[in-house]
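When you get a sec, could you build the whole thing from the sequences and use the hints?
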Amino acid sequence: MRAREAFFMALEALRVNRLRSVLTMLGVIIGVLAVVILVAIGSGAKNAIEREISGLGSNIILVVPGQLSVGAAPTQSRLSLSDAAFVRRVVGDPSKVTVSVQSGETVRVGRQEAFVTIVGTDENLPNIFQRPLDRGRYLTETDVDTRRRVTVLGAEVADQLFGDVDPVGRQITVSGARFRVVGVYTTVGATFGVARDKEVHVPVTTAQRLIGADRINGIAVGASGPDEIEPLQQKVVAALGERYPGERFSAVTQTQLLGTIGSVLGMLTGVLAAIAGISLLVGGVGVSNIMLVSVRERTREIGLRKALGARQRDVLTQFLIEAVLLTTIGGLLGILLGVGGALAIQAATPVPAAITWWSIALAFGVSVAVGVFFGVAPARRAGRLDPVVALRAE
Amino acid sequence: MSAALEAVDLKRSYQLEGVSVEALRGVSLRIEPGEFVAIIGPSGSGKSTLMHLLGCLDRPTSGALRVNGVEMSGLSDTSLAELRNRTIGFVFQSFHLLGRTSALDNVALPLVYRGTGKAERRDRARRALEAVGLGHRLDHRPSQMSGGEQQRVAIARALVGEPSVLLADEPTGNLDTRNGDEVMAILDRLNADSGVAIVLVTHEPEVAAHARRQIHVRDGLIELDTALAERARDEGGAR
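Line by line, the protein sequences give chains U and V. In terms of my numbering, the first sequence opens at residue 9 and continues consecutively. In terms of my numbering, the second sequence opens at residue 3 and continues consecutively.
No lab work stands behind these hints, which were simulated from the structure alone. All values derive from a computational prediction rather than experimental measurement. In this text, a Cβ means the ideal position worked out from N, Cα and C, and glycines have one as well. Among these hints, one or two may not hold up.
[Said to hold, decoys possible] Partial pick of chain V residues on the chain U-facing surface, computed with a CB cut under 7 angstroms: (1) E34; (2) D60; (3) R86; (4) F92; (5) H98; (6) R102; (7) P112.
[Claimed, not checked] Sample of chain V residues at the chain U side, in silico, Cβ under 7 angstroms: (8) L59; (9) D79; (10) T80; (11) A83; (12) N87; (13) Y115.
Here it is, written out as structure tokens:
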């Protein structure tokens, strides 16, 4: 028998039992769909976070006291502006070092109120981070040195407080103190859930007086190139360790953040895919079950085919192709629905989804393999049937 | 010229719950090309077992069976399937047609296993259906045809591969008298026209009467073979 004939014979058998075929496929469809969607969401999340991190700027090293953990703001800081000056000397290029001190405050313009993050920083911020201005100017060295009450607003704060009015030159009130707006940033989005468009930047010296503290939360260093990052990182940490013996300082780079987060999310995606894979396996058991029922039901047909000259392998091939067709068609439908579902989720919710080719190829490959694996036993049983017994079957 | 079928001391026993049951206890017969033979016997006589052996669907416990001079005991299952496909046509009591499949495709099925191309298959299947008077029923499915028509489709299927022997197991058993007569008339004509040897298994004497030679089977043995009886009578008369 030619392969083509076997293929059409199997297709015909599936067509005849349409409802049963579809129900059997359903297990595979759901399994593949789950794999594709979950992997898409996992990869989407990873891509989004990677985009956020690289959106900060390039070659950034963040120095914080203690042990750094992603997402948790260090509470007790012993870093101060003099440490920032020390790091500037260590790095050599003072313009490539900036500082940050943060506090949540309510700001007011007339009756408009907004809860924002006050960020105390200096004139070097734009040398390290990507914060393009929409209008006005950045903070200057003089602003910092003379402790001026000037501010550069995040895009969302500006919009909330001033609406369509140009905020530059106008005043806002923070904890009873008046600040003059000198600039407005463009929209940059969120990083790690930190809404950077809801920040209000003021000179670090002004911020420290406002908060009533000498500390700063962290120091950011910009390396001149990707190769400089690691040596510079080690140099800074070592210098700070010498300055404060017995204390720990952490310096983390974007690459390290990307690596850590990437591997965590990759693992998560893998686990999700494996769980979805289990449902694919269950779908395969369903295929095996239905194929066994089908072989029993069609015993007489098998006997007849053998009487007419079908060899053992002809019958085996026919049933194996049926099983593989079931899972393959199911797999293709699952991929279509999974891709559609992932796109729908992306369109309807803030969950990012990235459809990856490897997950589609894997899902397809596994569904074909499931068909072969779970189809072999029923197909062998069909092929081995004794024609005399099979012809007599009820 | 070798016989279409030649059996020598065929025995077949089954194990039923540990007990050996002898269905055939030593059957020898020789069927020449183009012969029309009826195997007659009550149920349980072993005639179905004999027919399965003659059709190479089963293997004897002992004894030899030659199909067109080829000893079947030396053949693998695969070779036996090919032998069935090329030299033997089957007609069953309950037709055994594939449901939801057109008459044409049912008839063409043996050619599928022979690897014949689609166009040739359809052409030969159509001619076989025309030969049994069903040229107008090519695309009908079994459920759309009468029992007589279904059995004629089965006959066309048995003949499409141009076998040397057609084995018919109670071909009229599920048919009324008129349809049964019609089927027998077709078998008579095919035997006369195409020269295919026909072995008819039946328990009805009227059906068996269509055959020139009758073999009576009882308790797993040949009780009477009219060909041998005639020869014996002729020889006796000559003496």
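Hint by hint, here is what the structure shows:
no.	hint	result
1	E34	violated (23 angstroms)
2	D60	holds (5 angstroms)
3	R86	holds (5 angstroms)
4	F92	holds (5 angstroms)
5	H98	holds (5 angstroms)
6	R102	holds (5 angstroms)
7	P112	holds (4 angstroms)
8	L59	holds (5 angstroms)
9	D79	holds (6 angstroms)
10	T80	holds (5 angstroms)
11	A83	holds (4 angstroms)
12	N87	holds (2 angstroms)
13	Y115	holds (4 angstroms)
Violation of the numbered hints given earlier is confined to hint 1; every other hint is satisfied by the structure.
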